[in-house]
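Undergrad: Model the full structure from these sequences, guided by the hints.
Quick note, the sequences are listed as chains A and B, same order. Using the working numbering, you'd call the opening residue of the first sequence number 4 and step up by one each time. Using the working numbering, you'd call the opening residue of the second sequence number 218 and step up by one each time.
Since the hints were made in silico from the structure, they are not lab data. It cannot be assumed that every hint is accurate.
[As the list claims (entries may be wrong)] In the DSBU-like style, the derived pairs of lysine-lysine whose C-alpha atoms are separated by at most 30 angstroms in a straight line are:
no.	chain 1	residue 1	chain 2	residue 2
1	B	K308	A	K97
2	B	K409	A	K118
3	B	K490	B	K442
4	B	K409	B	K440
5	B	K308	B	K391
6	B	K329	A	K97
7	B	K279	A	K118
8	A	K118	B	K391
9	B	K298	A	K97
10	B	K279	A	K97
11	B	K487	A	K118
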Amino acid sequence: MKKQNIIAVLTLFVFGLGTMVSAQNLSAQNNTATTTVNITVADVIAIDQTSSAAAGGIVNFNYSSAEDYNSDQTVNVPTSLVVTSTNTFDIKVKADGANFVNGTNNIPVDVLTIKPVMTGTTTMTGNPSNVVLSTTDQTLVSGAELGSNRVLELDYFIPKAKSSSPAILGKPAGTYTQTVTYTATAN
Amino acid sequence: MGTLYKKQYNMRTLFLLLSLMVSLVIDVTSQGLSMSPTRLFFSGNPGETITQTVRLGNSSDKEYNLSVSYKDWERDHNGNKIYTEPGTREKSNASWVSTDQNTIRVPANGQKEVQVTMQIPEYASVSTETNSMMFFTQLPQQSDRTSTSTGIGIVTLFEFGLHVYYTPPANTLKSLEITNIEEVQGEDQNRKVAITIFNDGNTFADATVEFELTNTDSGEEIKLKPQTISMFPEAEQVVQFSIPQNISGDFLGVTIIKMSGTNDLRVGEKNFKF
Numbered sequence: 004m005k006k007q008n009i010i011a012v013l014t015l016f017v018f019g020l021g022t023m024v025s026a027q028n029l030s031a032q033n034n035t036a037t038t039t040v041n042i043t044v045a046d047v048i049a050i051d052q053t054s055s056a057a058a059g060g061i062v063n064f065n066y067s068s069a070e071d072y073n074s075d076q077t078v079n080v081p082t083s084l085v086v087t088s089t090n091t092f093d094i095k096v097k098a099d100g101a102n103f104v105n106g107t108n109n110i111p112v113d114v115l116t117i118k119p120v121m122t123g124t125t126t127m128t129g130n131p132s133n134v135v136l137s138t139t140d141q142t143l144v145s146g147a148e149l150g151s152n153r154v155l156e157l158d159y160f161i162p163k164a165k166s167s168s169p170a171i172l173g174k175p176a177g178t179y180t181q182t183v184t185y186t187a188t189a190n
Numbered sequence: 218m219g220t221l222y223k224k225q226y227n228m229r230t231l232f233l234l235l236s237l238m239v240s241l242v243i244d245v246t247s248q249g250l251s252m253s254p255t256r257l258f259f260s261g262n263p264g265e266t267i268t269q270t271v272r273l274g275n276s277s278d279k280e281y282n283l284s285v286s287y288k289d290w291e292r293d294h295n296g297n298k299i300y301t302e303p304g305t306r307e308k309s310n311a312s313w314v315s316t317d318q319n320t321i322r323v324p325a326n327g328q329k330e331v332q333v334t335m336q337i338p339e340y341a342s343v344s345t346e347t348n349s350m351m352f353f354t355q356l357p358q359q360s361d362r363t364s365t366s367t368g369i370g371i372v373t374l375f376e377f378g379l380h381v382y383y384t385p386p387a388n389t390l391k392s393l394e395i396t397n398i399e400e401v402q403g404e405d406q407n408r409k410v411a412i413t414i415f416n417d418g419n420t421f422a423d424a425t426v427e428f429e430l431t432n433t434d435s436g437e438e439i440k441l442k443p444q445t446i447s448m449f450p451e452a453e454q455v456v457q458f459s460i461p462q463n464i465s466g467d468f469l470g471v472t473i474i475k476m477s478g479t480n481d482l483r484v485g486e487k488n489f490k491f
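TA: Structure below.
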């Protein structure tokens, strides 16, 4: 991309020099110069993956004590997604499988709720929705306004009702893993 | 002297414009992993094959691998996208579309061009628009592993959705109609004005919907934030505007729909008592 930038900048510079030379030649004759400047605006959507925790990020919940099982747990990720878009856009979320998996043992993904936090670091606008995770694409934020570096802060939430139930409680010890994918599309 | 001034002025203007262009280029391309464009519009006759290019850029120091997949989709009454498996909708073109690569490696600080080809089947309708969504999904890498020893680990990845539309060449009529304007109570119990719009044209239509209230006694005008919509032919959508809670009296509500690609406007109005 840097190469592309450099090429683009050099192209513009050469174009600029050419235009200026032409302008000087014209000026020598008429003392005025005109030029046509075309600005091509590309339709782009981008995720800043160095800032977005959701780009290869990891969120962990630990259940290692009785207190852990008997309390709501929230993991806050201040900059989950940082999106730049030239159009109104939507963010959807889905799990890649029905369960968090540890070998042959499973915990259903619907123990987890993902909540947009529309205060704090969030600068993304639009209509937020809390999502109980499933394999279906569900809308997390709809109609987000176009803009540069729009930040979305998320709370990952597992309620006590789930962690103290057989969905989690009593499962063999180990790490239960699943992939969660965030989808950004133009509206 | 006057002539010299004019000459310098023109040169300065050129420099300013060039600087502006350079800064625009840098700004647009310095945003991590990017996809451009975000929507592809194909048009052609049955039997034709058309190819367009999508650019995936990566300005980070990490290489990304993306998989390609497809889904059908439509919009609900509020304009939200509803996805279904490819080929499940009557107006799906997911099976018409292919790419020159199934897995795309986007190098660090580089970009990749993907050729998207639509093969319009012989049986394609010459009057029906079709659509699908193509996804470029981040593939997990070795480093994307959870570290918790006892508990739940969530690996988060991202993907881009690329709209893919097919429009038969004869379909050129852009037309949205306002079919209803009414006051409703939103899920948040706040007052809203709901505007129902129907696409009675035969092509996809992007538009901006504006809504303005004028107090018929005082003349006070309240302009609400415009909303953008994108509608399929024969689709109906409801656009809601939240009414400020602190207003009361008699108001005239006026909505204006500005369709992109045409100078046509649609205007609707209704009296309200808040």
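Undergrad: Which numbered conditions among the earlier hints are violated in the structure presented, ordered from lowest to highest?
TA: 8 and 11
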